[in-house]
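Protein sequences appear in the order of chains V and B. Everything in the first sequence is counted per my numbering, starting at 1 for the first residue and increasing by one. Everything in the second sequence is counted per my numbering, starting at 1 for the first residue and increasing by one.
Source of the hints: derived by calculation from the structure; they are not laboratory data. Positions of the beta carbon are idealized from the N, C-alpha and C atoms, including for glycine. One or more of the hints may lead you astray.
[To be verified] Here are the simulated SDA-like pairs of lysine to any residue, each with C-alpha atoms no more than 20 Å apart in a straight line: (1) B:Lys110 x V:Asp55; (2) B:Lys110 x V:Gln56; (3) V:Lys110 x B:Asp55; (4) V:Lys71 x V:Leu354; (5) B:Lys192 x V:Pro210; (6) V:Lys11 x V:Gly301; (7) B:Lys192 x V:Ser211; (8) V:Lys110 x B:Trp52; (9) B:Lys71 x B:Ser336; (10) V:Lys110 x B:Ser53; (11) V:Lys110 x B:Asn54; (12) V:Lys192 x B:Ser211; (13) V:Lys11 x V:Leu354.
[Claimed, not checked] Chain B residues, not near chain V, derived (Cβ > 10 Å throughout): (14) Glu10; (15) Lys71; (16) Ala81; (17) Pro99; (18) Arg125; (19) Ala132; (20) Glu196; (21) Gly287; (22) Arg300; (23) Ser302; (24) Phe322; (25) Arg358.
Below, each chain spelled out in residue letters.
There are 2 protein chains.
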Amino acid sequence: MDRLIGLIQEKGNPTVVGLDPRPELLPPQLIDQARKETRESLTSAGFLDDTWSNDQVQAIWAHHLAQAYLKFNLAILDGVADLVPAVKPQIAMYEALGPSGIKAYTSTCKAAADRGLYVIGDVKRGDIGSTASAYAAHLSGMPLALRETEQGGETKPGYGTGTTQGLGFPWYEDAITINPYLGNDGVDPFSKAADETDGDIFVLVRTSNPSSSQIQELRVRHDRGEDRMLFEQVGDLVEEWGASLRGDHGYSRLGAVVGATHPEAGATLRKAMPHTFFLVPGYGAQGGAADDVVPMFDARGSGAIVNSSRGIIAAWKKDPSFTPAMSLPAALHLVSQAAKTAAQTMRDDLNRALKESR
Amino acid sequence: MDRLIGLIQEKGNPTVVGLDPRPELLPPQLIDQARKETRESLTSAGFLDDTWSNDQVQAIWAHHLAQAYLKFNLAILDGVADLVPAVKPQIAMYEALGPSGIKAYTSTCKAAADRGLYVIGDVKRGDIGSTASAYAAHLSGMPLALRETEQGGETKPGYGTGTTQGLGFPWYEDAITINPYLGNDGVDPFSKAADETDGDIFVLVRTSNPSSSQIQELRVRHDRGEDRMLFEQVGDLVEEWGASLRGDHGYSRLGAVVGATHPEAGATLRKAMPHTFFLVPGYGAQGGAADDVVPMFDARGSGAIVNSSRGIIAAWKKDPSFTPAMSLPAALHLVSQAAKTAAQTMRDDLNRALKESR
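Only chain V is shown next, with the shape it has when bound in the complex:
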């Protein structure tokens, strides 16, 4: 986590911006342009719309909507890149649009990385070891198996051979989120990839959603001492799994996702997980406030980064100067400015709450 912690200190801001585009969060000017481009694609070859199958029409619409997502993200990045240390694109929003959506996702990650931002891919992957090693491509490019296929003496660097770094499809993520339900052999391939590429992982421990208590708060027997909740047990496992991967700041490459909507859980976990950095979702739209996230930080005011998505990327909707009639460039400029102001406000709110808690 050293790189992330360094960037947080540099910018004086423990905020990560969630790049989770949805059509209703984009200015209508962008949606209209995507619809216009779709219509043009459908007619460019001189075909009428009704010569296309519904699947083809939808794939083309998805492609142009994905392009709109990327343009929207670039406007957000213009507004916040100097203010925040990190961004967290939620891959589900892009995956819903198929291959073009995934392309927009990786282009978004690259654009953020090019601006010096730390990129957390919110992918929440998790599977058995052999499959997890394929998902680990998010961090390390092609997993090992994809680099053991050279046959004959050919050793051309690049496709098919080489070391981990930079190989395989470039995802441009510094860290990803993963799910703990399968236990450590579903986590180890990600830890290995993170260690090889100076990356990090955030394991779901206590999620921000209402029904998270259904499983995460089940009372489990502790081998020594009292019963505890499942999320506490998972927290202990994460702290343990990361023991060999600690950096200069004392935090390991294995972080934990702890929702802002559970301040008490956060306080308990902060004590139990002294070497585990927290990624804290649920701030703002989901109900978490600045005071709620203070318990997730350590005594030095480090140890956590707080995510806000809608509060920043949809800030333009609350700007009275927006009109549906304004030009696309003007609308995108407004998106940038509103995101910048919202990010400044969040930064100041968090720093104030952290200062008052000392």
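Once you've looked at the hints, dock chain B against the given chain V.
Then chain B, alone, in the frame of chain V:
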């Protein structure tokens, strides 16, 4: 699950073939072709390889490797389409190759669907409700949010409007696997999408990997009666969540993933989950045998489908008639034939074990 159960009965075979390509499972002829195509792409514009960045080279290699995966899958489908009711592509193998990999994944799903096969997308997604609704696009095309963006009176069917069916990027999956760690509000959007599209879901309950016991076997307090293991509690939740989604055969649209490596757990869960259909991974390469999976079936010999991946798709490797010198078409024909024979053997082994257990 009615459509899946119908196909299992029709083919007399409770087997699903896992389409999990890896370079080392493909005939070298296919890998060599992908390398040749990559070289041609790199030189087609008259550039030398060293004018490309490593990221560009890797993306182009990933594209051609993804094409090789698709060709390999088509050969497997040629061999097994008449024998098995379903296939289960593991998206991780394709996702590792980026957007081109996702395209190969959806093309594989479509090719299987076109052959009348039931397609289980092994995606193991899981997130908070609003995000899960985006992932639900795997079943329903674009999630609702993506269809609520029409502005002005424009009502052109297709992009931006309409009902759930067939809208959005077409993934061609009949069912997907999901993770239960976030509780029901991470599951409900998938249930809703499944119900709207005559699809199904398989929730991870007891996975086949060695470390699955680490969390899934934690002893949790039962509100009434004795302690039980976490996977039993999750099993009860899945049975409960599916109560309103039962079909003609008595099984709900919410299935469960129960690993072949845990026959005792399978027997316990089969009793506790009378309306939940089981997807059983871990057969063959992971160690599960025909007798191990018998407890996952109900008294009528229904209630479960068993996955085999390497045992069928890599069967060509054990065929003495394969030679690295043979042509690509000859190698692909061998892949088809070996997969067909392996699928027949597995079908007969399963049916024998089920018959003997009566």
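Do the hints match the structure? See the list:
no. : hint                : result
1   : B:Lys110 x V:Asp55  : holds (11 Å)
2   : B:Lys110 x V:Gln56  : holds (13 Å)
3   : V:Lys110 x B:Asp55  : holds (11 Å)
4   : V:Lys71 x V:Leu354  : violated (34 Å)
5   : B:Lys192 x V:Pro210 : holds (18 Å)
6   : V:Lys11 x V:Gly301  : holds (14 Å)
7   : B:Lys192 x V:Ser211 : holds (17 Å)
8   : V:Lys110 x B:Trp52  : holds (17 Å)
9   : B:Lys71 x B:Ser336  : holds (11 Å)
10  : V:Lys110 x B:Ser53  : holds (14 Å)
11  : V:Lys110 x B:Asn54  : holds (14 Å)
12  : V:Lys192 x B:Ser211 : holds (17 Å)
13  : V:Lys11 x V:Leu354  : holds (15 Å)
14  : Glu10               : holds (26 Å)
15  : Lys71               : holds (15 Å)
16  : Ala81               : holds (21 Å)
17  : Pro99               : violated (4 Å)
18  : Arg125              : violated (7 Å)
19  : Ala132              : violated (8 Å)
20  : Glu196              : holds (15 Å)
21  : Gly287              : holds (12 Å)
22  : Arg300              : holds (30 Å)
23  : Ser302              : holds (26 Å)
24  : Phe322              : holds (14 Å)
25  : Arg358              : holds (32 Å)
Figure legend: structure checked against the earlier numbered hints; hints not met, in rising order: 4, 17, 18 and 19.
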